[in-house]
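*Asks:* If you want the building blocks of each chain, they are given just below.
Protein chains: 2
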Amino acid sequence: MRLGLDVGGTKTDAVAVDDAGRIVGRVRVPTGWGPDAVARTVLEAVDRLVVEASVPRTDIRSVGVGMPGQVEPGTTRVVHAVNLGVEELDLAAAVAPQLGVPVRVENDVKAAALGAYALHSADGWGGGSGSMAYLNLGTGIAAGIVSGGELWRGGRGTAGEVGHISIDPNGPECRCGQRGCIEALAGGGAIAERWGRPGALPVRDVFDAADAGDPEARVLRAGLARGVAAAVRVLVLTADVDAVVLGGGVTALGPRLMADVGAELTASAATSPFMRSLRLDGRVQPLPAGSPAAALGAALIGVAHDTEEAFAHG
Amino acid sequence: MRLGLDVGGTKTDAVAVDDAGRIVGRVRVPTGWGPDAVARTVLEAVDRLVVEASVPRTDIRSVGVGMPGQVEPGTTRVVHAVNLGVEELDLAAAVAPQLGVPVRVENDVKAAALGAYALHSADGWGGGSGSMAYLNLGTGIAAGIVSGGELWRGGRGTAGEVGHISIDPNGPECRCGQRGCIEALAGGGAIAERWGRPGALPVRDVFDAADAGDPEARVLRAGLARGVAAAVRVLVLTADVDAVVLGGGVTALGPRLMADVGAELTASAATSPFMRSLRLDGRVQPLPAGSPAAALGAALIGVAHDTEEAFAHG
Numbered sequence: 001m002r003l004g005l006d007v008g009g010t011k012t013d014a015v016a017v018d019d020a021g022r023i024v025g026r027v028r029v030p031t032g033w034g035p036d037a038v039a040r041t042v043l044e045a046v047d048r049l050v051v052e053a054s055v056p057r058t059d060i061r062s063v064g065v066g067m068p069g070q071v072e073p074g075t076t077r078v079v080h081a082v083n084l085g086v087e088e089l090d091l092a093a094a095v096a097p098q099l100g101v102p103v104r105v106e107n108d109v110k111a112a113a114l115g116a117y118a119l120h121s122a123d124g125w126g127g128g129s130g131s132m133a134y135l136n137l138g139t140g141i142a143a144g145i146v147s148g149g150e151l152w153r154g155g156r157g158t159a160g161e162v163g164h165i166s167i168d169p170n171g172p173e174c175r176c177g178q179r180g181c182i183e184a185l186a187g188g189g190a191i192a193e194r195w196g197r198p199g200a201l202p203v204r205d206v207f208d209a210a211d212a213g214d215p216e217a218r219v220l221r222a223g224l225a226r227g228v229a230a231a232v233r234v235l236v237l238t239a240d241v242d243a244v245v246l247g248g249g250v251t252a253l254g255p256r257l258m259a260d261v262g263a264e265l266t267a268s269a270a271t272s273p274f275m276r277s278l279r280l281d282g283r284v285q286p287l288p289a290g291s292p293a294a295a296l297g298a299a300l301i302g303v304a305h306d307t308e309e310a311f312a313h314g
Numbered sequence: 001m002r003l004g005l006d007v008g009g010t011k012t013d014a015v016a017v018d019d020a021g022r023i024v025g026r027v028r029v030p031t032g033w034g035p036d037a038v039a040r041t042v043l044e045a046v047d048r049l050v051v052e053a054s055v056p057r058t059d060i061r062s063v064g065v066g067m068p069g070q071v072e073p074g075t076t077r078v079v080h081a082v083n084l085g086v087e088e089l090d091l092a093a094a095v096a097p098q099l100g101v102p103v104r105v106e107n108d109v110k111a112a113a114l115g116a117y118a119l120h121s122a123d124g125w126g127g128g129s130g131s132m133a134y135l136n137l138g139t140g141i142a143a144g145i146v147s148g149g150e151l152w153r154g155g156r157g158t159a160g161e162v163g164h165i166s167i168d169p170n171g172p173e174c175r176c177g178q179r180g181c182i183e184a185l186a187g188g189g190a191i192a193e194r195w196g197r198p199g200a201l202p203v204r205d206v207f208d209a210a211d212a213g214d215p216e217a218r219v220l221r222a223g224l225a226r227g228v229a230a231a232v233r234v235l236v237l238t239a240d241v242d243a244v245v246l247g248g249g250v251t252a253l254g255p256r257l258m259a260d261v262g263a264e265l266t267a268s269a270a271t272s273p274f275m276r277s278l279r280l281d282g283r284v285q286p287l288p289a290g291s292p293a294a295a296l297g298a299a300l301i302g303v304a305h306d307t308e309e310a311f312a313h314g
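Line by line, the protein sequences give chains D and H. Quick note: the first sequence uses the working numbering, first residue 1, plus one each step. Quick note: the second sequence uses the working numbering, first residue 1, plus one each step.
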């Protein structure tokens, strides 16, 4: 049995995965604030799985944790996890002594990419031989690329940072200092900041206001579709992934978001036989609401290198 | 001994590579026009290597051929090799009977990427464990991505097609039908077409005219640097390659091109600590003039899957 945890800003999603890759237990616990509380959250989530999902402690072979923020390649050190109040934390050092099994840590978007691949590879992406990008639409925008079941890691930890590719020299300023970045157009944080009105779900407010005819909201909403469509094009034209799976907080907009993105992809391909031949619209799909992809992916971190036998993903 | 051929529009570059990956012979022959003549060119290049480089025929284990145009994945069929007058050609079917050894065919940019990686991996890119993109600046713009010595193939043959990523919605029209594509700004063909004056090397004429103060030439020259810099950013932010190696006809401009691209990367990072942290300027390097990268890479096609023992690249 392998446990996987997705540590989010408000809650931590945890699953137990059997040796066939099936999820056999799932719990959610509130996430603490700051390094000590985050480490306690991880321990609590494991305890809850042991009790509520009847996972015997002696059956646990590893614990994988997906964390927002940067994870230094090859280490279990997380830095700049701003949403969690964590400037720096070696998570394995903090929890492995109590857990007594290997603890692995990965960036949450990369973990979600692994999990989304595992969930979907049975659905016709080549049964594990195909490739996929998971595009996370949250406060920021980043992607994880998976091919043949393995994450594309790249050299220095920036693989999938498509949010900071500029697609318009006259576009809005990005928090990174460039102009017209995909994230400046389509990031939930950038949209909320430009919208500038209070509300629990600013991007949803923007969609509603655009539907009601507000011209500023229409511009922001069009920019979101433009940015997401550009990210899809970048991922297909650079990495030639078979599918782009959308996840993250902004995908709570559901069909309204997907319709906008699909329309943008179709419109921008109207003048280009080459772009039409890529059939981008058909390659984009949302992660279902409540999907355990990120926690499942966390459980799968490093598993391919653990075992000689193939680890079948259900 | 393995032979590798880079079939170009005017000449074919051919090398013999020993089992340690060293180039032990090299010849160049003029390329014929049309499918039959291209097949004869391949046979002639092999004959010339046998004679001039003293390669015993019985020592030849395979012949790899890099071709402009699309090579259908998993086949030796080339389609749309417009520069060669080839609409369709199964090259292995045409030459393997005479050669009596396995014949492999790959797109020339992808072959050059493999060869550039082999030539440079000894220079500190992790000794074969690092990653690299080869960015071909020719009539069009395309890249090949290599990681750990293996080409990133992607799902449908469009991996590395960064030339058709739009970076400016108000940019020039691209032959693909979109606007502001990297290739529309930086492709040798697009620049020659917009320059519109006769000349053997239109891009060099544009550089000279820009130096002489011609305003139209300055716009075109600035667009070339913008497009190349954008391609470098896309490759690093999506695939996180350790290095981007520039090759192709436009790199004949040498230090003038590199200085423009370096200045553009530096200027665009001036406002962005994030982009500065990527140190893109230091990751870009040109392939030396006359480099045998493409022919060497053609010799290496499929070699990793042939042999259990590691094939050392000199």
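FYI, nobody ran anything at the bench for these hints, they're computed from the structure. Yeah, the Cβ is synthetic: ideal placement off N, Cα and C, and Gly gets one too. It cannot be assumed that every hint is accurate.
Unchecked claim - Here are some, though not all, of the chain D residues that point toward chain H, as calculated from beta-carbon distances under 7 Å: (1) 29; (2) 30; (3) 58; (4) 131; (5) 158; (6) 161; (7) 164; (8) 169; (9) 172; (10) 178; (11) 219; (12) 240; (13) 242; (14) 291.
*Asks:* Okay, which hints does this one fail, numbers in order?
*Replies:* Result: hints 1, 2, 3, 9, 11, 14 break, sorted rising.
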